[in-house]
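Chains as they are written, first to last, in the UniProt record's numbering: chain A, 1 to 307; chain B, 1 to 559; chain C, 1 to 334.
To be clear, the hints were calculated from the coordinates, so they are not data collected in a lab.
Among these hints, one or two may not hold up.
Here are the simulated DSS-like cross-link-like pairs (lysine-lysine), alpha carbons at most 27 Å apart as the crow flies [stated by the list, open to error]:
1) B/Lys-325 with C/Lys-42
2) B/Lys-157 with C/Lys-42
3) C/Lys-239 with B/Lys-450
4) B/Lys-157 with B/Lys-103
5) B/Lys-103 with B/Lys-187
6) C/Lys-53 with B/Lys-480
7) B/Lys-187 with B/Lys-453
8) C/Lys-42 with B/Lys-82
9) C/Lys-42 with B/Lys-453
10) C/Lys-53 with B/Lys-157
11) C/Lys-42 with B/Lys-185
12) B/Lys-480 with B/Lys-520
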Amino acid sequence: MTTTWAQRRKDRIDDLSSGRSLTGEAFQRLRRNPAAIIGAVLVGAFVLVALLAPALAPHDAAESFPALRENLRPDTIPGAQPGFPLGSDQNGRDFFSRMLLASQQTLFVGVFATVIGLAVGMVIGTVAGAFGGWVDTLLMRFVDVLLSVPSLLLAISIAALAARPSQTTVIIAVAIVSVPIFARLLRGSMLAQRESDHVLAATALGVKRNALVLRHMLPNAIGPVIVQATLTLAASILDAAALSFLGLGDADPGRAEWGLMLAQAQSYLDVRPALAFYPAIAIIVVALGFTLLGESLREAIDPKGRR
Amino acid sequence: MRSAARRLSAVCAAGALAVTLAACANSARDDGTAAQGGAGATGGTLVFGAAGAPKNFDPIFNDDGESFRPIRQIYDTLITYKAGTTELAPGLATKWESTPDGKTWTFTLRDGVKFHDGTAVDGAAICANFDRWFNMSGAAAQSQMIYYGDIFEGFAKNEGDATGSPLYTGCTAPASNQAVVTLTKYKGALPAAFGLTAFSISSPTAMKQYNANEVTQSGDSFSYSAYATEHPTGTGAFKFQSYDRANGTVTLVRNDDYWGEKAKVDKLIFRIIPDENARKQELAAGTIDGYDLPSPADYASLKAAGQQVLVRDNFNILYLGINQKNNPALKDLRVRQAIAYAINRDALVKNKLPEGGEVATQFMPSTVAGYAQGVQQYPYDPEKAKSLLAEAGASNLTLNFYYPTEVSRPYMPNPTELFSVISEDLKQVGITINPVAEPWNGGYKDSVQKAGKQDLHLLGWTGDYNDAGNFVGTFFGREKAEFGFNDPALFSALAAADATPDPAAHAAAYAQANQDIMAKYLPAVPLSSSPPAIVVRSNISGLVPSPLTDERFNTVSKG
Amino acid sequence: MLRFVMRRLLQVVPTLLVLSALVFAWLRLLPGGPASALLGDKATPEKIADLNKILGLDQPIPVQYVRFLGRALTGDFGSSLISGDTVLAEIARALPATIELSVAALVIAIGLGIPLGYLAATHRGRPLDNGTIIGTLVGVAVPVFFLGYLLKAVFAVQLGWFPPSGRQAVDIDATRVTGFAVLDGLLTREFDAAADALQHLVLPAVALATIPLAVIVRITRASVLDVVNSDFVRTANSKGLAPSTVRGRHVLRNALLPVSTTIGLQVGLLLAGAVLTEKVFVWGGVGTLLADGITRRDYPRLQALILLGALIYVLVNLLVDLSYAIIDPRVRLR
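Same shape as in the complex, but just chain A:
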């Protein structure tokens, strides 16, 4: 059921898939683009914090401390004190450590959702693109249907259909949203390359089909995939936060993840706004970073932008 409506979304993806890999020329353009620089700095800082979080965080994310629980009431949450620079969270845990450790979990949710979406999308897209024919038709019909449902609605429906909410269901729900995007992207890239000189040359040299696809065609599709993955990461983090807000999120109270913390802090907005604001600001900054970077990358490799 191809519709003009869904067509637009496809066109955008197809434009991207016809782009070339990131060449030196593209990097040159990126370095002159302030949006790209801001995005890269934000993303870099986030990844750095996430990787170093276990070393930086003074405490465990799930442990509660008598010193904090001493003055903890439902309507008063102790603020900063020696050893706890940001004070307590709603359960007497160290908010500072949780903020730091949450960066890792947030990155984990974003990356995992993206990787799963990418992996499944890659299989579908590569198979469809490499084989063509009825395999292509069938797979793309399925992809188009998925693509035509608004992404957050799709994630909500999938998460709601899970029997037990958990981090896994959130990741899967968010990942499925990006499957059709990656599938279409890779298929377009495969189709474009099937007729290209280097593939024809490899075929002529007798390279087997599997090797041809994996060693000669896939690597050339990597540029657009990186762009899309960057954008998907931002969307995944935001979608996961939305699912948590709707009560469909991770149910493990010990886990620190920004989206989850923001959703759980909804009841404490008047008691300690920091519990909501810090995770919210963190999410906004990170999502902005990935989006800026992704959009700049897209512009850099988009042939239309090269006038």
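Chain A is fixed; fit chains B and C onto it per the hints.
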């Protein structure tokens, strides 16, 4: 206003058969500015925020607080509860007495009380209500009479498998101001249960006119009659005007002929605002005058903003359930006691439960007759817990701990956070916790109560009326998948206590049962009682918070 | 064209059948069915089993599905477990609310987005351009539910300019004609009601508009840049036409074509965003029905929402395709 008058006159014309013209004139006047009738009337409109939509307005087909809130304003019960307590007080009946065997109840009715449709509340009308419940036909209708099934156990003709033999045999009206209800046996829940909102008295004329008994299956649910949805007719201080489903507002108007203290405001609007933060912001913005169940986290900021947080008395229990079936170690009393010693309940109450919350020493609040003094205590003692576990050879205990998500109940405002605190305590004594979260409406109750999949779980209960049987009897009166033990001695002790008519002996029997439960059985760990609150703006007075959440708004005025 | 419409409509039938069967089976396999929801806190395992029998939920799923299908074909989707009202009536009431909100958000997004995008393009690479791009992207990066809370806290509670939530003040007793509150107020000449409804509309519409706004700005900017660099504009410029004429008649008009198609695409996004926005602003629309239905596991409602959603979606797609064929002669319908 224009349109209100327009619509009202249409209703009056349509309902002219039953509704007297005088009533129409009255309500039309209420819509005007001047306050009519009612001594001490202050007039005005009170807007109160509700957390959810009512299902319908026929008392007998409801069991939830959101439906009961408007129903309590529209209807009265034979016996009511003294405002702010669980003590019985005269309602439509000024006097009630039973024969010593508890099988015959005689109600003397208040004189001159009229339903909103102008018909009289007499013995025949009371009997018509009882007979209607007893003779209700249709499996659909019977299944939805949840409180009736609970108290009166069965129907004239049972259409479901899970219904027992009926308690009710008949009702006669020897005089116009008398109704005599006869039962098959003594029931501990009575007379308190006559005051349940579900047993509110409806106008037989209106019920007949609007086919009140029509409950039809509609897909996987039921749909109700015009009586239940558009024409609820009781005797209460407010009359039903409209339920605007699109805007989520239930509008009630003052009943100028009310037999008791007439309502002070002209109009009472319940506005449905499901989002917690939205209710708070509406109150802060002044668009509502109060709301029910404020989050415990907001008490301080609400008070700081000058609002009144009215804390109800405790009438609920939160417990940590223990299922003895799946893990053999839990059959050992010492292990269950170790769990009780391991939990720092004082800290739990202090950290996570609202003002007025208390540690529970047994499975009922202290205000219920049968509450035992000197039950075995389990103060926080992690060392003792560890040694008990070691003694029982259960030092390496791994337990599946179920807790619900997507729910907030007065006894557990935030289950996830309570779970988090309790499981941390249990981990400290070396118990490994395997957390299992399930949505409250999406399988939690099934897993815990029906399938008994858990080792530990969080659950609680809010009392319906002041009787010990409503607490311990509900929990441990029979073999349940929830707790996974079968102890005929305990079951028969509780049954015997329930069947004792003499109030003192009744209480003593339950007190003994409570002692035994805490010392010998410990089938679960009672954790806490925590009161729900209600919040109103500073200019609102006269609202009396009730432990049964049975608030009547006739005494409320807007300054 | 008629044949095209017929064929597309025929394609819809199997799609909906398969979808409904999947949704139906899945919802029934999930734990916590209607019976335990209907029986509330007093539910016992025996009573649940009993009610399941009464409702026919003990029958095999295919049997239940056929029965459901039979009812659904006559327009009977059953009643909601939460409200007791029929699901169709609920949706009929909620739909105008959602449409009203979405339209308002779209008006804001278009009204702000096109001028901003145009300005960004004509100031390419300058601070105005970078500022607009980054600003709109920040809007996208803020979780909608958090933005909603902030808007309420500042503009409703602190400043008191707008009501915090709901669609209409309780003291306004407006007559309903279409279910669109603002429109109804104008139609019945109850201007106080219309003004009140409009006031309620502002904050949620702004919150909902942030994402489409960013998209419209970006597309407008890109397509203005495309057009500015095109041959016919260069020709127009070299012909010596006044810059304002070039801008108005050539650049803007041609640039708006791709923008208008993008706007169509935004409708889907708006519906998704509406779930969060409606929850925060207690807006009685379809999003609220869905969110509530999910948390309280109202299976009859979810079932009907998903199916009707799919149906409406398919029909709207068809209409959009038809309208393209009418607007753009290059599109041929087969």
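TODO: Of all the hints given earlier, name the ones this structure violates by number, lowest first.
DONE: Of the numbered hints given earlier, those the structure breaks are 3 and 7, listed in rising order.
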